[in-house]
Amino acid sequence: MRLYEFEGKRLFEKYGIPVPKSVLLEKSGKVSGIKLPVVLKAQVLSGERKSAGGILFPKNKSELSHGLKKLFAAHIRGEPVQKILVEGRISASREYYLSLSYDTDTRGPVLAFSSRGGSRIAIALKANVAPLDILLGAKPFLIREALSKGKVPSEDINGLAKVIINLWKLFVSEYALVAEINPLFRTPSGEFIAGDAKVILDDEKLNPGERRFIELGGDIAILASGGGASLLNIDALLQYKGKPANYTEYSGNPPADVVKALTQRVLGRPGLKGAWVIGGTANFTDIYETLKGFIEGLRQVKPKPAYPIVIRRDGPNQEKAFAMLREVAKKEGYDFHLFNSKTSMAESAKLMVKYAYHDKIKIQTANIKMKE
Amino acid sequence: MSILVDKKTRVLIQGITGHEGARACNEMLSYGTKVLAGVTPGKGGQKISGVPVYDTVRQALAKHRSINTSLIAVPAAAVKDAAMEAIFAGIPLVNILAEHVPTLDCAEIVARARAKGTILVGPSSVGVISPKEKVKIGSIGSSLVRNVFTPGSVGVVSKSGGMTAEIAVTLTNAGIGQSTVLGIGGDQIIGFDFVDALKLFGKDPETKAVILFGEVGGTYEEQAAEFIRKEKFKKPVVAVVAGKFTARLPQGTVLGHAGAIVAKGKGGYDSKVRAFKKAGVPVAATLDEIPWLLRQLLRGRMK
Chain A
1 MRLYEFEGKR LFEKYGIPVP KSVLLEKSGK VSGIKLPVVL KAQVLSGERK SAGGILFPKN
61 KSELSHGLKK LFAAHIRGEP VQKILVEGRI SASREYYLSL SYDTDTRGPV LAFSSRGGSR
121 IAIALKANVA PLDILLGAKP FLIREALSKG KVPSEDINGL AKVIINLWKL FVSEYALVAE
181 INPLFRTPSG EFIAGDAKVI LDDEKLNPGE RRFIELGGDI AILASGGGAS LLNIDALLQY
241 KGKPANYTEY SGNPPADVVK ALTQRVLGRP GLKGAWVIGG TANFTDIYET LKGFIEGLRQ
301 VKPKPAYPIV IRRDGPNQEK AFAMLREVAK KEGYDFHLFN SKTSMAESAK LMVKYAYHDK
361 IKIQTANIKM KE
Chain B
1001 MSILVDKKTR VLIQGITGHE GARACNEMLS YGTKVLAGVT PGKGGQKISG VPVYDTVRQA
1061 LAKHRSINTS LIAVPAAAVK DAAMEAIFAG IPLVNILAEH VPTLDCAEIV ARARAKGTIL
1121 VGPSSVGVIS PKEKVKIGSI GSSLVRNVFT PGSVGVVSKS GGMTAEIAVT LTNAGIGQST
1181 VLGIGGDQII GFDFVDALKL FGKDPETKAV ILFGEVGGTY EEQAAEFIRK EKFKKPVVAV
1241 VAGKFTARLP QGTVLGHAGA IVAKGKGGYD SKVRAFKKAG VPVAATLDEI PWLLRQLLRG
1301 RMK
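These protein sequence lines map, in sequence, to chains A and B.
Position 340, counted from 1, in the first sequence is what the working numbering calls 340; the numbers after and before it change by one each time, with no gaps.
Take any residue in the second sequence, count from 1 to its spot, add 1000: that is its number in the working numbering.
A hint or two may mislead.
[As the list claims (entries may be wrong)] Cross-link-like lysine to aspartate or glutamate pairs, in silico, EDC-like; alpha carbons within 20 Å at most:
| id | chain 1 | residue 1 | chain 2 | residue 2 |
| --- | --- | --- | --- | --- |
| 1 | B | K1063 | B | E1085 |
| 2 | A | K350 | B | E1289 |
| 3 | B | K1080 | A | E174 |
Bear in mind the hints are in silico, worked out from the structure with no lab data behind them.
Next up, chain B with everything else stripped away, as it sits in the complex (with noise of 0.2 Å):
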């Protein structure tokens, strides 16, 4: 099992025929995922890596009906009118791995997606992957990559798209293999959060364990401990805060993420920190650490 994705998977990509797009589909493919077509308005007709394109979502959807998840690989500006194609053809889950999408868009295509129910992964979204199920969408794991990413009972959620194999690295050189890795995105507003992530890995047998990989701006840190607190989550789980350094820039700093905001008080570092702290959720100061604080937490549980 996993969370997202699994062997049930059926990918469309739109923007297919761009430099990303095109990219995202043959790693997909050789990683073995289901790609089944491509859209981009125009292109109808062509085939990019023996994956058929087509003009609109609606007619890749009357071609292979059992498309489930999108991928959106289009340029930032063209991101919100592909988004809500998805959404409006119901495409229940729908991941968009393009970065720069304005924070109204971002806003739009999330407020979109709850009033239709899909499932909203990203912007600026590394992808998804189930190093058991073999099945990844977007560029999570690419290429020679693919190998840091093992089957193993620990799900990674993580703001920071390079930070999703980075962790994963760290987990399998400690041997410890991964359930599903995905990356949320670092946008002020993004679609899926935390608290989202630990719902699913909540109920995913396969997981045991969770890491969340969070830095300094917005709250999502900081609901994803209230969830952890007042739902009393029964798995453990690891937090890393990144940009500690941070609290002695001025407020509203813009750090490398659009949504890592400098703040004072609710936001900053302190506030994550003490708020996981609170919900008994050990913060590792680098990654490090990670393995030691699972396996002691793991060890916890066991008794």
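Excised from the complex, chain A in its bound form (with noise of 0.2 Å):
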């Protein structure tokens, strides 16, 4: 879960990383208890927001009205702005910019810096990078000689280690992905304080087990059972000229519920011109409950389906599965083509496309077709 800049300052805060003075505020309000020169930063996920134009520095009381009313307005990247976090201006003589995220390369934490704040990409970059021990924790001394092997002057190692020390401890209390602070300003008079924040917890610890849901646009439902399946599967329709309607995804052998509310979702969108039910052969996962879920959410999904269903699944109970949907589309009159894995993913996602684009369906029929 990413959080916003005023729920990672918070955060900053409360593991002793100093944050410049602000106020926050919610669809109007006034400003009070800060004094000028302020910046207005919009508080929306997405990043570059600078370049978005969603932060502003007005120079008086009248441009702080106005880019207020402006910031409220706007939407940044498509998202609308509910909150801004008005903040006292720092003068800085110097920048940086500090991350803590987890590294493939090594398995384990990294700690990246650089002097100089600026765009997150072009930062990121040019970053030093240097992996953290998980076992031994972010060690003063192991932080110091990181510091002064990416050539940080002298007088800032021992201001700059305390807020990477402050920025570990927040990271693996808080089971964070990513804390990152760009820029990290440094005061004429020696100071550290994060200009921004970008804190990413860990959704395994905070909502595990929760379906992961994008849209994508097309008119094709994807129902995809299993993390690599549902990948692959939508590169096999987008290779047939087929158009995904969302992404996401169930696995793990789901209960019935769980996958009755997700055919709910998928299935009742407007303007679907077929459905797909697509995953590998399981190795554990109980079909029959799978799809039982399957058709307890499609007889809720209102106006009914006309659109073709093509169902490619096998594993466990497979063919009682089938039978049972066999039976449904008889007396419910669904338009079902069932497939084991004697057909492969991808040749199902070559018939989902010819189904849905090119073939006319006579609704008033079930139209049962089986290849086994």
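Dock chain one against chain two, each of which comes alone in its own frame, and use the hints as you go.
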């Protein structure tokens, strides 16, 4: 879960990382308790807010009230602005970039830092990267060694190390995947103040088992089973010129009610031309249980789907599941096309595209094709 | 021969009294795997399908000295502790079946396993199966699905658990058997990656070729390609990289597996495919292409 800047900064404060004086405004509201000069920062999740017009530097009171109105009416990369963080401006003699994240090369946490702020991507590219030993933790001497190797000036080493140690405490205690400060201001008097906060917390800790869902804008609804299969099959559908409506995935032998809820969400969308229930041969997922959940969800979808539904599944209880589907199609009039693993996943993608876009389907009579 | 598991595999199941643990226990026993003991703290003295349950790993090891593998099937929140228990007890191979283990815990377990010289497969590993040796650990190839894994000479290593069986189906339908098939998990931090698998497959006389199933996110695929190129890996390799379409999603988007994080540049689809091409590894666009690509490579090899 990605946090808003103001949420990230609250965590910074909790862990002893100084942040600028600020006021959080929610849909209008007046600025009080903070003096000009200030910076107005739209609280949205997309990166590169500055270039998208989400950060303003008013010079006087009238620019301030104008700026607030403008930002509250704005959409930053499609995201409406609900909150604005008004912060006192910091005059900095230097700026740093700091981040803690995980790295698959070292299979552990890494510290990245560089002098000078700037755009996220540009800074990250030239940053010094130092792997951290998770068993040892971020020991001050290790951090100082890394900083000195990265040519950080002597007068900044202790202050910077202190910020990094505190950021590390946040990183491990809050189960963060990313904790980044860009820019980190260094004031002329030698203080370090976090100018921004990018914190991503681990969903596996916060909301384990949450189903990921992404809109893809097409007209073929997809219920995919398995993390790998879901990716590979969207690739296959696109290869055959199909237009996926969504990305979602359920796996790990999901109970019927999870599949039911997901089916309602995915198949209940307007403008669909087809639905594709797709998965590889399951090692242990009960196919009957899964498809029972699918049928329960399907029955709730209004209006009743008239579009073709291609189901390609195999694994434990597949035959029993297909017998049930055939029965339902006959009695309730759904346009099911059922395939087991004799038809490859890619082959079923091709058929899905054919049925959705190229075949005239008769809605009144159930059209059940089998290839087993 | 095979990698990681063979006739000498003697298994302990941590979390044996839970739903996943009991199921894995039954499936493994009926496949032919020797499951000697289970551990569930507080349930010592019970039996699951005839397998004795102990309170601690050390207790189980004292009674069953030949245990050399632990399958961890406890809930995600208990994985770190269970894995540490197995690692500190000195079990040489630990396979974590559990999914949804927080990244911090994964990193800690992996670091501890490295420090102790433990081979750690997972988390989120569907298991390891050797169709010829008739041994499997984990959920891989359960119940009727076991028949899709047939003995042969192709090693399969996959980030996706589901795709292990599907690739086996594809190979078996084409008349190609498998030496060992394993799921390494799709988490960001994993204990056993493609390179680890390639090193073992390289030494396994039974394995004549290797299939890698990867996906976007992280750099395990790039590392595998580098390894193949730099070490001049002798056996033919065919790769699959899932998630081409993710190039149009915002950076940082997380997909099905926790490690499938959309990245521009390194970690992205193009980076992985480029790395494999550079290493001379063909990338199959669909699983259907695998048998054909494999035959091409093996034919070239025989000339």
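Task: Indices of hints not satisfied (ascending) - done: As far as the earlier hints go, not one is violated by this structure.
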